[in-house]
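Mind docking chain B on chain A? Use the hints.
Number of protein chains: 2
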Amino acid sequence: MAQPIDFYFDFTSPYGYLASTRIEEVASRHGRSVNWHPIVLGFVFKVTGSVPLVSIPLKGEYATMDIERSARQHNIPYRLPDNFPVGTVAAARTCLWLKSADFGNDPETMASMVHALYRAYFVDNIDISDTANVIAVAAAQGIDTDTLSSALENTEVKGLLKTAVDAAVEKGIFGSPFILVDGEPFWGHDRLKDVEQWLETGGF
Amino acid sequence: MAQPIDFYFDFTSPYGYLASTRIEEVASRHGRSVNWHPIVLGFVFKVTGSVPLVSIPLKGEYATMDIERSARQHNIPYRLPDNFPVGTVAAARTCLWLKSADFGNDPETMASMVHALYRAYFVDNIDISDTANVIAVAAAQGIDTDTLSSALENTEVKGLLKTAVDAAVEKGIFGSPFILVDGEPFWGHDRLKDVEQWLETGGF
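Protein sequence lines, in the order shown, are assigned to chains A and B. Letter by letter, the first sequence follows residues 1 to 204 of the numbering used here. Letter by letter, the second sequence follows residues 1001 to 1204 of the numbering used here.
Keep in mind the hints are simulated off the structure, nothing from the lab. Since the model is a prediction, treat every value here as computed from it, not as a measurement. Don't take each hint at face value.
As the list claims (entries may be wrong) - Simulated crosslink set (DSSO-like; lysine-lysine; CA at most 27 Å straight-line):
(1) K1162/B <-> K193/A
(2) K46/A <-> K59/A
(3) K1193/B <-> K46/A
(4) K1046/B <-> K1059/B
(5) K59/A <-> K1046/B
(6) K46/A <-> K162/A
(7) K1046/B <-> K193/A
(8) K193/A <-> K1193/B
(9) K171/A <-> K46/A
(10) K1193/B <-> K162/A
(11) K1162/B <-> K59/A
(12) K59/A <-> K1059/B
Said to hold, decoys possible - Chain B stretches covered by chain A per the calculated footprint, using a threshold of three residues with CB under 8 Å from any CB of chain A:
(13) 1053 to 1059
(14) 1084 to 1097
To be verified - Here are a few chain A residues that face chain B, going by a calculated C-beta distance under 8 Å:
(15) R29
(16) R32
(17) F43
(18) F45
(19) V47
(20) V54
(21) L58
(22) E68
(23) Q73
(24) Y78
(25) G172
(26) R191
Where a beta carbon is used, it is the ideal one built from N, C-alpha and C, also for glycine.
Okay, chain A solo, but in the shape it has when bound (with noise of 0.2 Å):
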């Protein structure tokens, strides 16, 4: 079987929702899988110098525009979240968590978590920056609650996020939604169509 598509998204991305909600077809329609890579952007900002988009005048009012009409373009629920943008440590704490068989868990329950959890936050308006509400999504997709507390204050688990952003920042990642074809990176949602160009073509 081929490579799975890496996807690289933060949590509080909209764009990366958007793309969150069709890279699995994108993917199955060519034989692929999909290998999530849950990113804190908050991080690799330090690195690029950026600021998130919708603190930046004019693109900050088209942005927030703009996912509104990709959402309905793609027929996609969403709503832009009372509280915007938030923090994503616990979130991506716990899939990374999940992914992880070093503790004992099945990385195939990682995407439906990733969808949970998206779907909390931008379409039932769920602060994900509150731990508690992270573990109670957790918890309605049956991970047990105390082991997920527990884990999200063990060292090696914070340890983890440290390890995925490093990598991507290594990887040359920068934003969200960030996917790799075979290495080959595609950064945006509006570059879904390309990632499927590339998929079929083999490259141009």
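Frame of chain A; chain B shown alone:
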């Protein structure tokens, strides 16, 4: 006839160049013409606090690669100019002067000048920050060089660019290319497919 498509661009913008080679075909398929709006992003960036794309760590390296890849994808001749990015005041003023019937010019001549300047810079590696080179490109388009040389020193012509940039910022334009379809904004070469869909469907 339907309103022209407004196409805002900076002559040092590679994505602006790529889109400039495709926008007229997109427009004409839908019975539209193109209204060319040269701006100078350096002035706009003072409002948005932005910096040139290619100077941003990681993002700049991605963009350099992505521009070349996008040119290949759409079979557009392209090379990164030796001097890049450059100031585009003389190029923009030349086009705004050509566009202005106030100076006795035929606005129709502007489109071919836009293409000639972009081609000079991104195909023939001619440094269009040098006014003499802009005048040479104009001469090859049949424009009288003495008249143009005088025009570029004319206070009213200089005022055209300031007015154009202010008007662009007023409309929320912060990048290149930036396209308005009946006022609906689309930022980026990678949004031409969305422009097409908007023109076909009347909105989403």
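Consistency of the hints with the structure:
For a cut-off of 27 Å, the pair hint linking K1162/B to K193/A is broken: about 37 Å separates their Cα positions. A hinted pair counts as satisfied when its Cα atoms are at most 27 Å apart, and K46/A with K59/A qualifies at roughly 20 Å. The straight-line distance between the Cα atoms of K1193/B and K46/A is roughly 33 Å, outside the 27 Å bound, and the hint therefore fails. Using a Cα cut-off of 27 Å, the hinted pair K1046/B and K1059/B holds, with the two alpha carbons roughly 20 Å apart.
This hinted pair checks out: K59/A and K1046/B have alpha carbons roughly 13 Å apart, not beyond 27 Å. Restraint check for K46/A and K162/A: the C-alpha separation of about 13 Å stays at or below 27 Å, so the hint holds. For a cut-off of 27 Å, the pair hint linking K1046/B to K193/A is broken: about 33 Å separates their Cα positions. A hinted pair counts as satisfied when its Cα atoms are at most 27 Å apart, and K193/A with K1193/B qualifies at roughly 9 Å.
This hinted pair checks out: K171/A and K46/A have alpha carbons roughly 16 Å apart, not beyond 27 Å. Using a Cα cut-off of 27 Å, the hinted pair K1193/B and K162/A is violated, with the two alpha carbons roughly 37 Å apart. In summary, the hint linking K1162/B to K59/A is supported, as the alpha carbons are separated by about 21 Å, within the 27 Å threshold. For the hint linking K59/A to K1059/B, the alpha-carbon distance of about 17 Å falls within 27 Å, and the restraint holds.
For the stretch 1053 to 1059 of chain B, the assignment as covered by chain A holds, since 4 residues bring a beta-carbon within under 8 Å of that chain's beta-carbons and 3 suffice. Evaluation of the coverage hint for the stretch 1084 to 1097 of chain B: breached, as 0 residues show C-beta separations to chain A shorter than 8 Å, against a requirement of three. For the restraint placing R29/A at the interface with chain B, the shortest Cβ-Cβ distance is roughly 18 Å, beyond the 8 Å limit, so the hint is violated. A hinted interface residue such as R32/A counts as satisfied when its beta carbon comes closer than 8 Å to some beta carbon of chain B; here the least separation is about 20 Å, so the hint is violated.
Because the smallest distance between the Cβ of F43/A and any Cβ of chain B comes to about 13 Å, over 8 Å, the interface hint for this residue is violated. Proximity of F45/A to chain B is violated relative to the hint, the smallest CB-CB distance being about 10 Å (cut-off 8 Å). The interface hint given for V47/A is met, as the beta carbon of that residue sits about 6 Å from the closest beta carbon of chain B, less than 8 Å. Interface restraint check for V54/A: the shortest CB-CB distance to chain B comes to about 13 Å, outside 8 Å, so the restraint is violated.
Given hint, L58/A at the interface with chain B, holds; its Cβ is 4 Å from that chain's nearest Cβ, closer than 8 Å. For E68/A, the suggested interface contact is broken, since its CB lies about 11 Å from the closest CB of chain B, more than 8 Å. Interface restraint check for Q73/A: the shortest CB-CB distance to chain B comes to about 4 Å, inside 8 Å, so the restraint holds. Given hint, Y78/A at the interface with chain B, is violated; its Cβ is 13 Å from that chain's nearest Cβ, farther than 8 Å.
The interface hint given for G172/A is met, as the beta carbon of that residue sits about 5 Å from the closest beta carbon of chain B, less than 8 Å. The criterion of a C-beta within 8 Å of any C-beta in chain B is met by R191/A, whose closest approach is roughly 6 Å, and the hint holds.
Violated hints, in rising order: 1, 3, 7, 10, 14, 15, 16, 17, 18, 20, 22, 24; the structure is consistent with all others.
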